[in-house]
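Those sequence lines, one after another, are chains A and B.
My numbering applies: residue 1 is where the first sequence begins, and numbers increase by one.
My numbering applies: residue 1 is where the second sequence begins, and numbers increase by one.
If you're looking for bench data, these hints aren't it; they were derived computationally from the structure.
Treat the hints with care, since some could be wrong.
Derived lysine-lysine pairs resembling DSS-like cross-links, with alpha carbons at most 25 Å apart [what the hints assert, rightly or not]:
#1 A:Lys419 <-> A:Lys392
#2 B:Lys65 <-> A:Lys419
#3 A:Lys183 <-> A:Lys213
#4 A:Lys388 <-> B:Lys303
Here are the in silico distance ranges between beta carbons for each label pair [as the list claims (entries may be wrong)]:
#5 A:Asp116 <-> B:Leu199: 41 to 47 Å
#6 A:Lys400 <-> B:Val186: 52 to 58 Å
#7 B:Ser8 <-> A:Pro85: 44 to 50 Å
#8 B:Ile284 <-> A:Ile68: 53 to 59 Å
#9 A:Gly91 <-> B:Phe120: 57 to 63 Å
#10 B:Ser8 <-> A:Lys50: 37 to 43 Å
#11 A:Ser321 <-> B:Thr299: 54 to 60 Å
We treat Cβ as the ideally placed atom computed from N, Cα and C, and that holds for glycine.
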Amino acid sequence: MGLATFKGGVHPYEGKELSENKPTQILMPKGDMVYPMSQHIGAPATPLVKKGDKVLAGQKIGEASGFISANVICSVSGTVKAVEPRRVASGAMVNSVVVENDGEYQRVDGMGTDRDPLKLSKQEIRDIVKEAGIVGLGGAGFPTHVKLTPKDENAIEYVLVNAAECEPYLTSDYRMMLEEPEKLIGGLKVMLQLFEKAKGVIGIENNKPEAIKKIQEMVKDEPRIEVCELQTKYPQGGERSLINAITGRKVNSSMLPADAGCIVDNVDTVIAIYMAVCKTTPLMRRIVTVTGDAIANPQNYNVKIGTNFQELIEAAGGFKSEPEKLIAGGPMMGMALFGLDIPVTKTNSALLCMTKDEVAANEPTPCIRCGKCVSVCPSHIVPVMMMKAALKGDCEKFEKLNGMECVECGSCAFICPAKRPLTQAFKEMRKTVAANRRKKA
Amino acid sequence: MSKLLNVSASPHVRSKETTQSIMADVCIAMLPATAFGVFQFGFHALLVLIVTVAACVLSEYVFQKMMKLPLTVSDMSAVVTGMILALNMPANIPLWIPALGGIFAIIVVKQLYGGIGQNFMNPALAGRCFLLISFAGKMSDFAMDGWSGATPLAQLKAGASVDVAAMFIGKIPGTIGEVSVIALLVGGIYLAVKKVISLRIPVTYILTVAVFAFIFGKQDMNYVLAHICGGGLVFGAFFMATDYVTSPITPKGQIVFGVLLGVLTGLFRIFGGSAEGVSYAIIISNLLVPLIERFTLPTAFGKEGKKS
């Protein structure tokens, strides 16, 4: 049998060799910590503290303000300096709690004690995950407790761990699989406890043979868990591509993975579930790959959420040459930054520093209709025609061409020989169409 | 940091491939057939090539200068047009004819419709057909030292038998670039390996011609092979029918396009007045591309068997 995969996709330069063999280091923050109240999809959390309050590590400082929302947990001890809008990676100003770190890391009572998940009911597990502020740490930031509460839990046949890590340069999930595989498997077991009919599958791209070997060895006596080796191809770790590669099922924009009997979470998220349920530790940290050709010592860091990006750069030895572009996340879907004075949030998997901006270096030229965008599109739609509709602002035509099925993976804009900003145009159109739909509803 | 950072929407990386590198690959792929043509037909063939390419590149440059348009000569698409047009010429053609054809191809067929990516017909082929109609005699005069000038397909149509092995190697009269099947295949394989073209169009095109010739022509292997190797079919299938701008972008559409080309070519060759038909089949099919695309849009992922 060939390796599991999906139809379409591209092979960008991987760049993982910069940091894949660097063991994760714990980074202790020095400066002020900033906790944006919106680090997830859904309603922003409501701040629970005010200026002057004393806070502890592990304390809830933001309360989920609806079903699709998430708590925010303080990762240090100290004093609240302000509750004010602060800049985040997307460029937006988001209401945030700013904490002056006292450097003592005093924890809330009882945090870090062992807990046996088998003694917990399903509802208790879901409540713990919700309380811990866990969201999809791969980038989208969808609240995990919502994912774990599908309409019909008996219809779930697969719990998939997204360990593809298909974004170039990123190595945080890889390091976790090598360093803390028992937590990953522990977290998956907790998830399988919620879905009794489901099988757990860990999908790993075949450019990580060591991780595949290690996890395979560890799950060989687990009847409900298996490893699925995936072809290395971007966007293999896209939710729809992953489900398709492993189960052969197809999910479109109007469906949730649960509609195809699947629950998908990435490596760091599953570990966060383990930490919350089995170690009574809420979501306070994440693994960040600091890398790129402008960085002196590319590294993987275990970072406290809220740490300033500038501290990551300093820890990695600063810039060895002047960067032209800084990206929060990977090069295919990450966000370009215009400054470093922003906090690490739950969904920041990497800080990529590049000395050359390939986008600026390539002037767009006329489309030659080569059709490469069509052959790489994982959504099997026709970017070249969507672009024509986008340039005219024709929402109706864009929708007719299934433009809303676009997952904004960037494969079309990557492959385009005329260097046209396809993905950018589609993001804009999709926002407009979505806004129009809301207006009508 | 003294310098301002660059900000743009994702993705932040781009593939190495550019329009220019693709066009350069197409030129490289035509080199074996070009070399064979020059070697077989002599120095005048080389002159035809140089003059045609120069006419194409210069007319694009002058037109864009005059119209104050951005210059796109460096994308090499005019070089490709020039090469294809030149390879479609008889070797002993007076040089002003291909020059005129090049100017027509670039100015009338390409630039007047908006330049690269906007032409609805393959410029080189439209240029060739323009010359075929205008200078029928000179354009179909393949008489060279030692050859009568009748192409194998013309002989076939007249009921004579032909030497398929000679056709495969290229030891036959014809236009500069169309004669050597083996040289063209080397170039075609290069394009497929470099992923410049997909094999959908060339393979369906050639297969359809073979099937058509077998059914409506003669049930004879030699006859069918002669139809495949003759009349510039291999040249057309790999280098002209696969022109990005004038072929469907949808995978299913490419197959429909290939079949359509094969049927038209077969019709022209077997039932038409002329022995050849590749050029006309391609430019007529070019016109149907928007229609073919409309009916062959791929099904969006996860939308199979469902009404949105």
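To see whether the hints hold, each was checked on the structure:
| no. | hint | verdict |
| --- | --- | --- |
| 1 | A:Lys419 <-> A:Lys392 | 19 Å, holds |
| 2 | B:Lys65 <-> A:Lys419 | 24 Å, holds |
| 3 | A:Lys183 <-> A:Lys213 | 16 Å, holds |
| 4 | A:Lys388 <-> B:Lys303 | 22 Å, holds |
| 5 | A:Asp116 <-> B:Leu199: 41 to 47 Å | 60 Å, violated |
| 6 | A:Lys400 <-> B:Val186: 52 to 58 Å | 43 Å, violated |
| 7 | B:Ser8 <-> A:Pro85: 44 to 50 Å | 24 Å, violated |
| 8 | B:Ile284 <-> A:Ile68: 53 to 59 Å | 56 Å, holds |
| 9 | A:Gly91 <-> B:Phe120: 57 to 63 Å | 42 Å, violated |
| 10 | B:Ser8 <-> A:Lys50: 37 to 43 Å | 39 Å, holds |
| 11 | A:Ser321 <-> B:Thr299: 54 to 60 Å | 47 Å, violated |
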